[in-house]
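Based on the hints, put chain B with the ligands in the right spot on chain A.
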Amino acid sequence: MNNFRYSRASDIADAIRLLAPDPGAKLIAGGTNLIDLMKENVERPSRLIDISRLPLREIVETPDGGLRIGALVPNSDLAYHPLIEQRYPLLASAILAGASAQLRNMASVGGNLMQRTRCPYFYDTATPCNKRSLGSGCSAIDGLNRNHAILGTSNSCIATNPSDMSVALAALGALVHIAGPNGERTIALTDFHRLPDDKPHLDTNLGSGEIIIAVELPPHSFARNYSYLKIRDRMSYAFALVSVAAALELEGNAISGARVALGGVAHKPWRSLEAEAALRGQAATPDHFGHAADLLLQGASARSHNGFKIELARRAVVRTLMQATNATPQSQAHKKIA
Amino acid sequence: MNGYVGTPTSRVDGRAKVTGAAKYAGEFTADRLVHGFVVEATIPRGRIAQLDTSEALKVAGVLDVLTHANRPSLADKDDAWKDEVAPEGSPFRPLYDDTIKFNGQPIALVVAEEWATAKFAATLVRIDYEQAEFATDLEAERGGASEMDKPHKPRGDAAGALAAAALRHEADYLIPTEHHNPMELYATTTVWEGDGKLTVYDKTQGVQNVQKFLCGVFDKKPEDIRVLSPYVGGAFGSGLRPQYQVVLATLAALALKRSVRVVLTRQQMYGLGYRPMTIERVALGAKSDGTLDAVTHEAIAVTSRYEDFARNDTGWAEQLYSSPNSSFSHKLVHLDVSTPSDMRAPGAASGVCALECAMDELAVALNLDPIELRLKCYSDRDQSENLPYTSKQLRQCYARGAEAFGWGRRDPAPRSMRDGKELVGWGMATGVWEALQMPVAVRIVLTSNGHAEVSCAASDIGTGTYTIVAQVAADALGLPIENISVRLADSTLPQAPVEGGSWMAASSAHAVLGAAEDIRQELARHAQAMPSSPLAGVDAQDIILAEGTIAKAGERGRAISIADAMRYGKLERIEKQKLNEFPEDKSHARNTHSAVFAEVKVDEELGVIRVTRVVSAVAAGRILNTKTGRSQIMGGVVWGIGMALHEETVMDHRFGRIMNANIAEYHIPVNADVHDIDVIFVDEPDTHINKLGVKGLGEIGIVGVPAAIANAVYHATGKRIRRFPITLDKLLG
Ligand SMILES: Cc1cc2nc3c(=O)[nH]c(=O)nc-3n(C[C@H](O)[C@H](O)[C@H](O)COP(=O)(O)OP(=O)(O)OC[C@H]3O[C@@H](n4cnc5c(N)ncnc54)[C@H](O)[C@@H]3O)c2cc1C
Ligand code: SF4
Numbered sequence: 000m001n002n003f004r005y006s007r008a009s010d011i012a013d014a015i016r017l018l019a020p021d022p023g024a025k026l027i028a029g030g031t032n033l034i035d036l037m038k039e040n041v042e043r044p045s046r047l048i049d050i051s052r053l054p055l056r057e058i059v060e061t062p063d064g065g066l067r068i069g070a071l072v073p074n075s076d077l078a079y080h081p082l083i084e085q086r087y088p089l090l091a092s093a094i095l096a097g098a099s100a101q102l103r104n105m106a107s108v109g110g111n112l113m114q115r116t117r118c119p120y121f122y123d124t125a126t127p128c129n130k131r132s133l134g135s136g137c138s139a140i141d142g143l144n145r146n147h148a149i150l151g152t153s154n155s156c157i158a159t160n161p162s163d164m165s166v167a168l169a170a171l172g173a174l175v176h177i178a179g180p181n182g183e184r185t186i187a188l189t190d191f192h193r194l195p196d197d198k199p200h201l202d203t204n205l206g207s208g209e210i211i212i213a214v215e216l217p218p219h220s221f222a223r224n225y226s227y228l229k230i231r232d233r234m235s236y237a238f239a240l241v242s243v244a245a246a247l248e249l250e251g252n253a254i255s256g257a258r259v260a261l262g263g264v265a266h267k268p269w270r271s272l273e274a275e276a277a278l279r280g281q282a283a284t285p286d287h288f289g290h291a292a293d294l295l296l297q298g299a300s301a302r303s304h305n306g307f308k309i310e311l312a313r314r315a316v317v318r319t320l321m322q323a324t325n326a327t328p329q330s331q332a333h334k335k336i337a
Numbered sequence: 000m001n002g003y004v005g006t007p008t009s010r011v012d013g014r015a016k017v018t019g020a021a022k023y024a025g026e027f028t029a030d031r032l033v034h035g036f037v038v039e040a041t042i043p044r045g046r047i048a049q050l051d052t053s054e055a056l057k058v059a060g061v062l063d064v065l066t067h068a069n070r071p072s073l074a075d076k077d078d079a080w081k082d083e084v085a086p087e088g089s090p091f092r093p094l095y096d097d098t099i100k101f102n103g104q105p106i107a108l109v110v111a112e113e114w115a116t117a118k119f120a121a122t123l124v125r126i127d128y129e130q131a132e133f134a135t136d137l138e139a140e141r142g143g144a145s146e147m148d149k150p151h152k153p154r155g156d157a158a159g160a161l162a163a164a165a166l167r168h169e170a171d172y173l174i175p176t177e178h179h180n181p182m183e184l185y186a187t188t189t190v191w192e193g194d195g196k197l198t199v200y201d202k203t204q205g206v207q208n209v210q211k212f213l214c215g216v217f218d219k220k221p222e223d224i225r226v227l228s229p230y231v232g233g234a235f236g237s238g239l240r241p242q243y244q245v246v247l248a249t250l251a252a253l254a255l256k257r258s259v260r261v262v263l264t265r266q267q268m269y270g271l272g273y274r275p276m277t278i279e280r281v282a283l284g285a286k287s288d289g290t291l292d293a294v295t296h297e298a299i300a301v302t303s304r305y306e307d308f309a310r311n312d313t314g315w316a317e318q319l320y321s322s323p324n325s326s327f328s329h330k331l332v333h334l335d336v337s338t339p340s341d342m343r344a345p346g347a348a349s350g351v352c353a354l355e356c357a358m359d360e361l362a363v364a365l366n367l368d369p370i371e372l373r374l375k376c377y378s379d380r381d382q383s384e385n386l387p388y389t390s391k392q393l394r395q396c397y398a399r400g401a402e403a404f405g406w407g408r409r410d411p412a413p414r415s416m417r418d419g420k421e422l423v424g425w426g427m428a429t430g431v432w433e434a435l436q437m438p439v440a441v442r443i444v445l446t447s448n449g450h451a452e453v454s455c456a457a458s459d460i461g462t463g464t465y466t467i468v469a470q471v472a473a474d475a476l477g478l479p480i481e482n483i484s485v486r487l488a489d490s491t492l493p494q495a496p497v498e499g500g501s502w503m504a505a506s507s508a509h510a511v512l513g514a515a516e517d518i519r520q521e522l523a524r525h526a527q528a529m530p531s532s533p534l535a536g537v538d539a540q541d542i543i544l545a546e547g548t549i550a551k552a553g554e555r556g557r558a559i560s561i562a563d564a565m566r567y568g569k570l571e572r573i574e575k576q577k578l579n580e581f582p583e584d585k586s587h588a589r590n591t592h593s594a595v596f597a598e599v600k601v602d603e604e605l606g607v608i609r610v611t612r613v614v615s616a617v618a619a620g621r622i623l624n625t626k627t628g629r630s631q632i633m634g635g636v637v638w639g640i641g642m643a644l645h646e647e648t649v650m651d652h653r654f655g656r657i658m659n660a661n662i663a664e665y666h667i668p669v670n671a672d673v674h675d676i677d678v679i680f681v682d683e684p685d686t687h688i689n690k691l692g693v694k695g696l697g698e699i700g701i702v703g704v705p706a707a708i709a710n711a712v713y714h715a716t717g718k719r720i721r722r723f724p725i726t727l728d729k730l731l732g
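Line by line, the protein sequences give chains A and B. Last residue of the first sequence: number 337 in numbering that gives the first Met the number 0, and the count goes up by one each step with no gaps. Last residue of the second sequence: number 732 in numbering that gives the first Met the number 0, and the count goes up by one each step with no gaps.
Same shape as in the complex, but just chain A (with noise of 0.2 Å):
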């Protein structure tokens, strides 16, 4: 850990005013990914700037019938809010599939978007990982990668995004409000995490000096056929190898519209609008549901541990839907996978 300033942020624009000019400086909130990384010295800011007091913590009904909200929302109350509970189930199914319970207690909304990938080079000094220092190399391409990503690697980096909350984002097409020198501006959440091309070492589009001020879910919730399901080396408390937020919108068996992303696969939540549209119109069968899952997937590769990912995904993907369909998503607190 490294010696840094620490300065509390007043409002949004005296946050942003302490940003911008300083490259090395790092917004704090929850602190449960920084702070790691810091211990570790894989983040060395040369300042912290606090702003888990910020009044970013309303979620609050947009006119259009859709809800927006605050970057500080803890992530558990985010999930037990009445109206994400009642409206957004997958969102809260999703968050809840998350880490632990203290974990959600102090995770942010802006800071799990903003969380970094769990490859083990990339926290470990000692080895090179072009995300931590561009250029050392990546370790992960011929190393231990049985977690590491199938769909849109690069030759510089097959890391993951490990949010769990990003993929139910991901699948009900929220979009990200975002404070800047330059004012405001609004994202698509599947804009905003990047694919790591030759610039893994940028996980987001977040400008530098930029903020994320709030999070908005547009008023189609899928509050009735949805499921998060969560694959992963032990039932709790472990990242997923593979996620799916799947959501429908049934006619009888015939689906009218569906979303489905992927978590683990990639540097981003995966999803494919070809193999939702493949959907439309068709009926609700595992048949149908293994054909979006072959387009959803289609181009994925895979390096030497973590080829099992792709069929993997691909049953993950045909079981999901299949919850969604029978309105009997998975239990985030049962034991078992339904």
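Hints are computed from structural coordinates only; laboratory data are not their basis. Where a beta carbon is used, it is the ideal one built from N, C-alpha and C, also for glycine.
Taking lysine-lysine and the DSBU-like style, the derived pairs with C-alpha atoms no more than 30 Å apart in a straight line are:
{"#": "1", "chain 1": "B", "residue 1": "569", "chain 2": "B", "residue 2": "551"}
{"#": "2", "chain 1": "B", "residue 1": "100", "chain 2": "A", "residue 2": "38"}
{"#": "3", "chain 1": "B", "residue 1": "22", "chain 2": "B", "residue 2": "81"}
{"#": "4", "chain 1": "B", "residue 1": "196", "chain 2": "B", "residue 2": "76"}
{"#": "5", "chain 1": "A", "residue 1": "38", "chain 2": "B", "residue 2": "57"}
{"#": "6", "chain 1": "B", "residue 1": "729", "chain 2": "A", "residue 2": "335"}
{"#": "7", "chain 1": "B", "residue 1": "718", "chain 2": "A", "residue 2": "335"}
{"#": "8", "chain 1": "A", "residue 1": "38", "chain 2": "B", "residue 2": "22"}
{"#": "9", "chain 1": "B", "residue 1": "551", "chain 2": "B", "residue 2": "690"}
{"#": "10", "chain 1": "A", "residue 1": "334", "chain 2": "B", "residue 2": "718"}
{"#": "11", "chain 1": "B", "residue 1": "420", "chain 2": "A", "residue 2": "335"}
{"#": "12", "chain 1": "A", "residue 1": "334", "chain 2": "B", "residue 2": "729"}
{"#": "13", "chain 1": "B", "residue 1": "211", "chain 2": "B", "residue 2": "100"}
Which bits of chain B does chain A cover? Going by a derived footprint, with three or more residues having C-beta under 8 Å, they are:
{"#": "14", "region": "605 to 615"}
{"#": "15", "region": "638 to 649"}
{"#": "16", "region": "667 to 681"}
{"#": "17", "region": "719 to 730"}
Frame of chain A, contents of chain B with the ligands only:
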């Protein structure tokens, strides 16, 4: 004697633990206490070419950076560094010289007024290495394995019998490296008492072992160093040997003449000992009637380049099942890693796992029920020494366990049982461990108000030693347990070995009995000497201590209160110290046994495995405390679930570095992975082993569990996974 022994007495230290009153090594404080933070090597082998501490020393609050170049003197003979349980070889010496022997080796200690300052300054220490060629991969280096002295004699002609066997099963089972990950971090607070005298609070399983070790390493007189470890937050074998932080804290205290605390980080603890990765090669040959004709077991395990750590992996196969022909070998591969250490049921957890998986495979090949196969080669005698057991109720374990589990309803065909989307599998395995007893001395001080203080240097590593010592003392002295106070884990107290091997319960209990007997005799003498004593003329052997009195057995009306007798004898206190005595007896084998039954449910499409039921039927002599005993077994079962499905220390052999050195990525079972666990203690009267018939329960709980689960996974899926842990990708492939 009856009362507390054998009952589910709650832990006498439970309240102190949950209220925080119990203090652990890193929680003791002292005047002007300073903090040390360890800098570790990031290469597995080589030399420190340059170590530049100048930037670290500039940080305000930093007092010193200790390295091999500036440290105070340390012993230069291996003998001084050999602790009570050191294996053959030349023990590791922290900060001794510039050689790097393993990744994560401590190479400097930054000492500062504040812990955070030390941690920060540690990042400023610059190290240049001269790297050397290294090897850390057991499987790649398997060919270089060297044979240990064979601990077991071969019987008959195993190779010939195998070749001629009607049915043969032979396979390699791979047990990965595993780390103990006790909850409490390794820590030492060395208090500078002036004049070169030190009080050392250390996380250890043996305070006297550490005390002797420190005296040797720092050339101190025994009276100069006192070591205490009143509470230990789990150790599981990792605290049997003195760990390097105790050397560093003490070194710094001597260098600075101040009190120093060193707490390792979770990551740094992966540089300590571990269960060694082992390739277990088992071959079994059977006659067509299902009796065993040949057993061979070869273990190939990792050790460091500087010490030969080897445990009994293969002897269990030799001891347990009758087979006229057998041979065993244990080989070591010396790699650029730290020395492994004991970890819950060392040797047995790994070796019996392989043996019991192999027995299951043989049962399948023979088309026999796995229990039936085991009964066919059941032996009432220890096969290795051809000795009877002091007691062995393993048959009862099979029977009671099978009944509780419902084994009779098992359809033997793989993939034949299901529950919705899940395949259901039932598997079983045998567990075995030894029942050892070691010299332990206990002092009891009885005061005339009817209180007794029982003290001993033994540690309670969480297993419940405080409680059983109090129970046995209360019964033997005829006092309520509230009147007993127990002091443990102080090197100045009566002698005890390290707490390990499941020997402490039997050993300490009998030391208590011995000291209490001396007290009884003295009290009886005083009581009988009293004028018109109701005990006059009673045979001394018929006098007992009960309910605070000295009484005639069977005639409680004839009694004198302890207080009166002591008043008469003009005694404020009676103090007796006694070393336990177990008659030297090589005529019997001493073991605990278990039969473990596991149910798994495996999601057929996704490969997700759940251990939905475990029944562990244990025969371990008399159970001193059925509550802490049950907890021991449950803990062992949970750990067995981890060994079967989760635990693995993953190393990148290109760097010789552990890549999951934290408990987010090193998986152990969480609550959601644990379902029903049923512990059955099978009655096992044992009048031979010792007075109380006690055997010890520390390790037996884990042995057999991984195999029972692996066998259940096979039964569920038809897939044999011989590389542990059994993760879902291995089932999908
Ligand atoms: C042991 C463990 C297990 C975990 N398991 C899971 C899991 O299974 N699934 C899962 O999804 N997550 C998991 N997590 C991660 C957890 O969800 C994140 O650590 C958490 O969401 C981060 O939120 P925070 O507020 O604490 O962020 P911080 O640590 O405060 O910040 C993280 C990053 O976000 C930036 N940041 C924070 N707020 C903003 C903002 N408003 N605008 C711009 N940047 C911002 C910070 O500068 C920093 O770079 C786990 C974490 C741990 C430690
Ligand atoms: S996968 Fe990405 S994060 Fe991991 S080592 Fe390679 S570059 Fe670093």
